[in-house]
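J.: Residue-level listing of the chains:
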Amino acid sequence: MAAVTLAGKQFEVDEDGFMLDVAQWTPEVAIGLAKSEGIDALTDDHWKVINYLRGYYQKFNVAPPVRMVCKETGFSLKRIYELFSTGPAKGACKLAGLPKPTGCI
Amino acid sequence: MEIPQLHPDACVGVQAHRAKKELLAPLGLSPELPPDWREKALCKFDELLKQRRSLSLYLDICVRCGACADKCPFFLGTGDPKNMPVARAELLRKVYRRHFTVAGKVAGSLAAGEELTDTVLQEWFTYFYQCSECRRCAVFCPFGVDTAEITMAAREVMASIGVAPKYVTEVIKKAHETGNNIGIPEAAWIDSCRFLEEELKEQTGLDIKVPVNQAGAEVLLVPPSADVFVNTDTMMGYARFFHAAGITWTTSSYASEAANFGMFLNYDQLKKVNRRMLDAAGQLGVKRLVMGECGHAWRAAQAFMDTLNGPVDFLEPPCPEHILELAARYIRAGRLKLNKSANDGLTVTYHDPCNLARAGGLLEEPREILHAVVNDFREMPADTIREKTFCCGAGAGLLTDELMPTRMKGAKPRMEAFRTTGATHLAVPCAICKAQFPVAFKHYGVDAQVVGVMDLLGKAIVL
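Chain order of the listed sequences is H and S. The first sequence runs 10 to 114 under this note's numbering. The second sequence runs 675 to 1137 under this note's numbering.
Just so you know, these hints were derived from the structure itself, not from any lab. Keep in mind that the hints are not guaranteed to be accurate.
Pairs of lysine to aspartate or glutamate, EDC-like flavour, derived with a Cα cap of 20 angstroms [to be verified]:
(1) K724/S to D942/S
(2) K840/S to D23/H
(3) K695/S to D23/H
(4) K718/S to E823/S
(5) K109/H to D25/H
(6) K756/S to D744/S
(7) K694/S to E24/H
(8) K109/H to E696/S
(9) K80/H to E873/S
(10) K1011/S to D881/S
(11) K875/S to E81/H
(12) K724/S to E713/S
(13) K840/S to E21/H
(14) K99/H to E21/H
(15) K883/S to D907/S
(16) K80/H to E872/S
(17) K68/H to E851/S
(18) K44/H to D1075/S
(19) K87/H to D1121/S
(20) K87/H to D907/S
(21) K694/S to D25/H
(22) K80/H to E876/S
(23) K694/S to E1076/S
(24) K99/H to D1075/S
Could you put together the complete structure from these sequences and hints?
T.: Have a look at this one:
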């Protein structure tokens, strides 16, 4: 497995750069991973999405439906793609420390 | 479409991530490449040849006429000669000749036979995962050779020695653990369906149900889980339809996935994944089984279910029925009130998913529905639709990021056909296609949107 060093600490990630252990996530991890998604600095809007994803994952052990992310954050899908260019199920989940969603998506 | 210049080995570097033991072992596969992998692979190959007469027939009867060569979207898109169906099949055929024909056993390479070497195994893993089992080549083969069956056999041989993609095996493992490919646990499935009921209430003011585990419902609908996770307009389209048609229905949190990635790995998993929906139907006591908008799910259920898990005599025919067949039946009978103008402003064309059209015979029903609910519907060129449809470029386990170069090249013929229509919306009843096309639109600079057939029907139904 590949490893990345973020905020002076090593984390194991999968082939696509998603964290293997959700429990190891800290806000510094999101800040450290942001560059890999082409994000210079995380804004309040980024954090709103990241925090929502994490809260849902802690409750249900899966990422939330995309429509729910939009509804609960108040952002349009277009806005979410502006924030995370690879979208809610990829870039946003990666920064939130969630496993990469798989399936027909 | 223009025949491309040849680019030998253009795709040789594009390979799926390999599954490791934590994904292989739970599926009953060799957790790593065993030291005697050649013997084991040939043993599996022998088993498949004995089990499937069609396989040895397809390996024997090809005369290399080349009719299939320029029919494959992956050859047309990549120009890699090994993506010509005849050449891709040759990768398996040459090993077949060496080990399973008299000439090959006696004369070896003089009979154009070849040993199963590391290099050959690498070629198999590359090129049999650049085939989407779309079967367009088979339409044009004068002998009816089904190259997808050759791909399926090669993948099954590889899986038996622990050579399989991470993507496909991870998805199957999740289907066993949670009932669906995305890994949505029961509590989240219920929560998501409640959420969609609230959305429907906001949109219509009506109490339209998205039921879960409702025993005694008439219909068990098995959608691709992507309809709950991302293609939610399709899920709400089903709900609007069942509400308007007055049919009681339910989803199942145990079988919350229409897709069957077993088809992309081996028959053992194809059978096990399919079994779940029958068990769910039995437990819930439904009368009928209806499949949602997923291409290969339809083939797996319609063509394989009865053979692998049948006879399915406890459900009423037609079993399974596709949601588009059911909806078209209700439209034909005049049992739905429709308002076409709800979709005005949209110029719609239709993409036939390979496994619905070529493999599953669903050619007229989607068109009947679209004609009934859209004023501006137009077709793509005749040699790119119906049984001659082009794959989206991501079927059969290719819908994973590391295969993106192949996926985008494989989408080229479909994108070129789409451009000729001037459509603003591409209607497509398949979750894989729905995930692939937005990426392909972006890649090819096409300004259009993807939509499900049931999305458009749902909007046009007068509730």
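J.: Determine for every hint whether it applies to the structure shown.
T.: Here is how each hint holds up against the structure:
Restraint check for K724/S and D942/S: the C-alpha separation of about 16 angstroms stays at or below 20 angstroms, so the hint holds. Simply put, K840/S and D23/H have alpha-carbon atoms about 11 angstroms apart, close enough for the 20 angstroms limit, and the pair holds. With a C-alpha separation of about 15 angstroms, the suggested pairing of K695/S with D23/H holds against the 20 angstroms cut-off. Proposed proximity of K718/S and E823/S is supported: the alpha carbons are some 15 angstroms apart, at most 20 angstroms.
With a C-alpha separation of about 8 angstroms, the suggested pair K109/H and D25/H falls inside the 20 angstroms cut-off, and the hint holds. A threshold of 20 angstroms between alpha carbons decides the hint, and for K756/S with D744/S the separation of about 12 angstroms falls inside it, so the pair holds. The suggested pairing of K694/S with E24/H holds, with an alpha-carbon distance near 12 angstroms, which does not exceed 20 angstroms. This hinted pair checks out: K109/H and E696/S have alpha carbons roughly 16 angstroms apart, not beyond 20 angstroms.
Between the alpha carbons of K80/H and E873/S the distance comes to roughly 10 angstroms, so the proposed pair stays at or under 20 angstroms and holds. For the proposed pair K1011/S and D881/S, the alpha carbon gap of about 18 angstroms is at most 20 angstroms, so the pair holds. Taking the CA atoms of K875/S and E81/H, the gap is about 17 angstroms. The hint holds against a cut of 20 angstroms. For the hint pairing K724/S with E713/S, the CA-to-CA distance comes to about 17 angstroms; that is within 20 angstroms, so the pair holds.
Under the criterion of a C-alpha separation no larger than 20 angstroms, the hint pairing K840/S with E21/H is consistent with the structure, at around 17 angstroms. Between K99/H and E21/H the alpha-carbon distance is near 17 angstroms, which keeps this suggested pair within the 20 angstroms criterion. About 14 angstroms separates the Cα atoms of K883/S and D907/S, which keeps this hinted pair within 20 angstroms; it holds. Among the hinted pairs, K80/H with E872/S is consistent with the structure: their alpha-carbon atoms are about 11 angstroms apart, no more than 20 angstroms.
With a C-alpha separation of about 18 angstroms, the suggested pairing of K68/H with E851/S holds against the 20 angstroms cut-off. With a C-alpha separation of about 19 angstroms, the suggested pair K44/H and D1075/S falls inside the 20 angstroms cut-off, and the hint holds. Distance restraint check for K87/H and D1121/S: the Cα-Cα separation of roughly 14 angstroms lies within the 20 angstroms cut-off, and the hinted pair is therefore satisfied. For the suggested pair K87/H and D907/S, the alpha carbons sit about 17 angstroms apart, so the restraint of at most 20 angstroms is met.
Note on K694/S and D25/H: the hinted pairing holds, with a Cα-Cα distance of about 15 angstroms set against a maximum of 20 angstroms. For the suggested pair K80/H and E876/S, the alpha carbons sit about 12 angstroms apart, so the restraint of at most 20 angstroms is met. Between K694/S and E1076/S the alpha-carbon distance is near 16 angstroms, which keeps this suggested pair within the 20 angstroms criterion. A threshold of 20 angstroms between alpha carbons decides the hint, and for K99/H with D1075/S the separation of about 10 angstroms falls inside it, so the pair holds.
Going down the numbered hints, you'll see the structure goes against none, and every one checks out.
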